[in-house]
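Asks: Residue-level listing of the chains:
Protein chains: 2
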Amino acid sequence: MRKIFLSLLYALATFSLQAQTNPLTASQGKTTLNFSLSSQGEPKYTVKFAGRDVIRPSALGFVLKDKTSFDKNFVLLSSEIKNVDETWQQPWGEVSQVRNHYQELTIHLKQNTTPAGLLDIIFRVFDDGVGFRYHFPKQEGLNYFIVSDELTQFNLTGDHKAWWIPGDYDTNEYSYTNSPLSKVDAFPVRDAATDIAVREVADRYSVQTPLMLKSADGLYLNIHEAALVNFPAMQLHVDRTTFGLSSSLVPDAVGNKAYLHAPFSTPWRTIMVSNKAADILSSKMILNLNEPSVIKNTDWIKPMKFVGVWWEMQIGKSTWSYAKSADDVDASGKLIPSGKHGANTENVKHFIDFAAKNGIQGVLVEGWNVGWEDWFGNWKENVFDFITPYPDFDVKALQDYAKAKGVNIIMHNETSGSATNYERQLDTAYGFMNKFGYTSVKTGYVGRIIPRGEHHDGQWMVNHYERVAQKAAEHKVMVDMHEPMRPTGLQRTYPNWLASEAGRGNEYNAFSTGNNPEHETIMPFTRLIGGPMDYTPGIFKIKGYSDVPGRQVHTTLVKQLALYVTMYSPLQMAADLPENYEQHMNAFQFIKDVPVDWDDTRILEAEPGDFVTIARKGKGTNDWFIGAVTDENARVSTINLDFLDKGKKYEAIIYADGSNASWNNNPEVYSIKKMTVTSKSKINLVLAAGGGAAVSIKQL
Amino acid sequence: MRKIFLSLLYALATFSLQAQTNPLTASQGKTTLNFSLSSQGEPKYTVKFAGRDVIRPSALGFVLKDKTSFDKNFVLLSSEIKNVDETWQQPWGEVSQVRNHYQELTIHLKQNTTPAGLLDIIFRVFDDGVGFRYHFPKQEGLNYFIVSDELTQFNLTGDHKAWWIPGDYDTNEYSYTNSPLSKVDAFPVRDAATDIAVREVADRYSVQTPLMLKSADGLYLNIHEAALVNFPAMQLHVDRTTFGLSSSLVPDAVGNKAYLHAPFSTPWRTIMVSNKAADILSSKMILNLNEPSVIKNTDWIKPMKFVGVWWEMQIGKSTWSYAKSADDVDASGKLIPSGKHGANTENVKHFIDFAAKNGIQGVLVEGWNVGWEDWFGNWKENVFDFITPYPDFDVKALQDYAKAKGVNIIMHNETSGSATNYERQLDTAYGFMNKFGYTSVKTGYVGRIIPRGEHHDGQWMVNHYERVAQKAAEHKVMVDMHEPMRPTGLQRTYPNWLASEAGRGNEYNAFSTGNNPEHETIMPFTRLIGGPMDYTPGIFKIKGYSDVPGRQVHTTLVKQLALYVTMYSPLQMAADLPENYEQHMNAFQFIKDVPVDWDDTRILEAEPGDFVTIARKGKGTNDWFIGAVTDENARVSTINLDFLDKGKKYEAIIYADGSNASWNNNPEVYSIKKMTVTSKSKINLVLAAGGGAAVSIKQL
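Residue numbers (the UniProt record's numbering), protein chains in the order written: chain A, 1 to 700; chain B, 1 to 700.
Calculated directly from the structure, the hints in this document are not laboratory data.
Treat the hints loosely; a few may be bogus.
No copy is singled out in the list; a pair is fine if it fits within one copy or between any two copies.
[As the list claims (entries may be wrong)] Calculated cross-link-like contacts (lysine to aspartate or glutamate; reagent style EDC-like; alpha-carbon spacing at most 16 Å): (1) K682 - E651; (2) K276 - D127; (3) K138 - D328; (4) K680 - D642; (5) K302 - D599.
From just these sequences and the hints, can you work out the full model?
Replies: Laid out in structure tokens, this is it:
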């Protein structure tokens, strides 16, 4: 009876609403979104920016597992327009206040078939782009359902330049390729990337998001997604002749894409657009499209810098493991220490001392727990237990020592990709952290995923990472995830999920051919669009740390300083060894000074693959910090300091590449210059090839 | 250096051992096992019983994922013979003392290829058959490895009669088909079994074990496995023309069979053989091939009988769910009670009262926790939380009430097949049980498995069930698993894992066309070979409990009594409603009297598919209980009571089918007769078509 009444209500609503004129366009600033239905009832959309076509007519919809089509035979039930202009506060971030200003167009569709599927599409049009999501309303004939394919298209207007990495189900750690869309070919890139542990690229012409694009007529586009919750990551299949992109979802172990339950709202598909590259970097669209924090009291969440027993393992000075191999045991079956174990009590104390002396809040310690002799590459389920230290690592004594010095040891939970093993032990692992006073954890997923057949970027793992964030929040634990899916702004909803790696970090310079000099000028436009990255900057010993001929960091020392500003993260590692910092304490001063939380951010200039210069104002201070990075080309950048308070005086300290420096010659040479500046000042920053500049500006 | 030394040692060992004569035959009683290597170095074995061929030359070995062959190019390194005759004590069981008497032949093989794989095969030859397992020694070139196929064959001597069910990856709940091996065809059986929720039969000619066979010349064979740990269940592929059976392992989500780490010992492959069917039922080979209990103190493990809020849901009198559907909510979003919820406090008290009055130790309550409106069929991951009761179920009050009456409420944890969800909550679920004083749990896995792509009988789930048993033991919780893999004697190693369903239980009579009259004469030869079954006998209202025309239990009432003896389990449910028992309290007396733990067991007569008569002696008493069941044919059975103590007098109470009874006519008619008996007595038991007889014999 009740259901009949509801059906009647729907019919009435349809009738009355269709008699009205439904809005089909939304706009905000220069951005315009248009929605239409084809003669076959196929939903389509277009996007224009300043009157220029950005997205040509592009399909919307889904195919469900039971062959139900959700891409045609639709009629418009109704639509609504809403205008929003609000400002909200971040607990931490690049800016403290975020303006959320958009026009929203909601489209209600119904199929003229049996069953008559209902589908809503919600568009939000911002000054700097468009976000849209699908909503499956609660409806007859659709309760639990399985998504076979998402059909969303992003049909571009030409053969844009693209900065892309392969659409890999398991990794985002490729170097970026810059090519026209017509030249995208993921397989050779995948095949060459032997430095990445797990690679799975099923589609030769698919790429990851955030995908950065530039049109021949100077429009910058960025396609990504926001609020990736309970859904697989979206990759983009590239049609190399029509320049159409289409959504390609990461499959699960049996080839399905998503298991859903109506009502359900998908993640937002996002298209940023501007004629200025800097606008892409300053966009808050991704954050705005995420849900507010689910954590009410965020006082315990504290951004921080940290050092760690880590780079020394990456460069082979010490090891994660305690013994040479799992077979290296004595007569009683105990591991025989190799003498190279990094996470030993003495060494960790040394790092704690260095951190305490220099006002660094955290010390990461990897390799502290048993299992590292035999952790990787075997698709082994029960790898680590997250609570049992090696014999030479004294948990209690070190926690006491660190606490006495005001330093936090950062827990490390490497899962080796065995998420089932980690989930079974989350309560135990975080209970252990609470017991011993650890406040944050770095997780890792290096290896093929267990449940076997699942992928790092599939729905099951997307849900896993969220469960980890939730469980950590219950325990008041902050999280830094390595090897999760690339971020989509979830740090707004889970502010304890401070950062992720999920991209090609500085570490590749330690164990592979490394990151080319343009890498850090691309990352802000790609990986960092979704959220903070634990890139682990701060390597001062640029050459000579490795026995491998030619191996080096592909930047200057000063560019490493600049990264603390250009690569935003509330967690920033000072990744090099204390003894390397001690050689350059005047340069290390910048790392000591630079904040990890900001009231304001200005993108001063930016061009993907070429250069990025950013100024940020420290949280609760009147101090500014500037980072400038360039690619393999030297560069002079003139910075107008008009963002400083008028009439006030500041002391600027400029950390500059040495005049004869470049990333491959004399990369460690630098100069430090102090000067007094005001809002009327302009300063010239001279960046070496593969170099950078870092400036601290403190009010006098 | 160390490794070189070991290699030398091997070489020396090989040399010296090959100079000796290696034993290649083992025998015990009438059973003889012979091992040989073919000219291609393929390991083969044969089995004879009383000089008759049982297993013709049959292959042994594996194919590994990396294409490494472990089935040929072997040479014999050495072999050893060992004789064992020992007796051990069970904490509970069909007998209190188990004799383990066998001759063991261990074969050490090495390949004459590079890499030179090492493989051991261990045969144990018993009076009643042969068990063998493979052992992968620790060796160069084999560390972690993946099994693609096991190649074990069981080549039979003819077109034996077989009692079989399809080789399904997810269920053992089929009715048995009796046919010659040449007529095995799993697909039509699978297709017809629409009463089974999840079916996955990949091989038309595969069958489950335990596979019961009878040769034309009167040999009884049973092929199964023992100690299934960290490996997938073995199914048997039937060659319908050669009568060869070959091992077929249940695959994982990506098609692999097992992820192993050397050294590793596989489960035992078992071949029981006798010229008497009764010997198959009395065999202790499966138990003997399992490892001793890992639980040191088993005092807290207590076999018991129980009633439960369960059959009333099966027959539609009440429901597991609280509301009609998940959508049936009031304005505030709360479920609207349907009024049919079975697990309400009042009703449960009624069951507690009945149990207390009749000396029944347990009350199972299903449907107590939220989630039943929406639990099944959607491959939904987060189904139940195992701690949140429906509003009308008062956990604390009921536990207090039960405790005051000396009754245990049995926890129910249905997972809907979502093992990942259950694993995340095991600590929480068992902590809840400990807090409220629950001592045992019935688990369930009705639905497709999550991790998706995994199967009930694959390695991952085999490990899951073991984790559940381990975790339960840590919490001193007894377990009764429904829908796990079929048992392989692990109750010896985990005596808190008291019983499993893992077969077609009495419940099928409630919701489907049910179990045919011969079903319970086959089950002891098949499903119960591996371990106790929670069959849920004791239905007294044979007809008229269902609205579906013709639906009934396909036994007489007395046969239901006999099942408490013929279907061994340390957990036995009195499954019918208290009001149905109250109509027949004189017959219910047998259920009150019959033990669930035994000092001794005698298989008095048995023929698969025809009849089974068993006598058992109650643990720590001098009382005996006899159960006799027949198929669709009436039967007179003369029982010689010579197992009673000589010179002592006993009172026998004989529960017999009514003279005009049969399973489909007057099934509830019975007679009860008392007489005095001695060890010299013989009693005639008259069994109706589809009927049975039950006898209690107490020393006077």
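Asks: Pop the pair K682 and E651 into one bin, within, between, both or neither, using alpha-carbon distances up to 16 Å.
Replies: The answer is within: 13 Å in one copy meets 16 Å, while 111 Å across copies does not.
Asks: Using 16 Å as the alpha carbon limit, work out where K138 and D328 are close: within a copy, between copies, both or neither.
Replies: Between copies only: 14 Å across, 60 Å inside.
Asks: Can you give me the call for K680 and D642, within, between, both or neither, at a CA distance of at most 16 Å?
Replies: This pair counts as within: shortest intra-copy Cα distance 6 Å, inter-copy 114 Å.
Asks: Using 16 Å as the alpha carbon limit, work out where K302 and D599 are close: within a copy, between copies, both or neither.
Replies: Answer is within; shortest intra-copy Cα gap is 15 Å, inter-copy 65 Å.
Asks: I want to check one pair: K276 and D127. Are their C-alpha atoms no more than 16 Å apart within a copy, between two copies, both, or neither?
Replies: within (12 Å within a copy, 86 Å between copies)
Violated hints: none; the structure is consistent with every hint.
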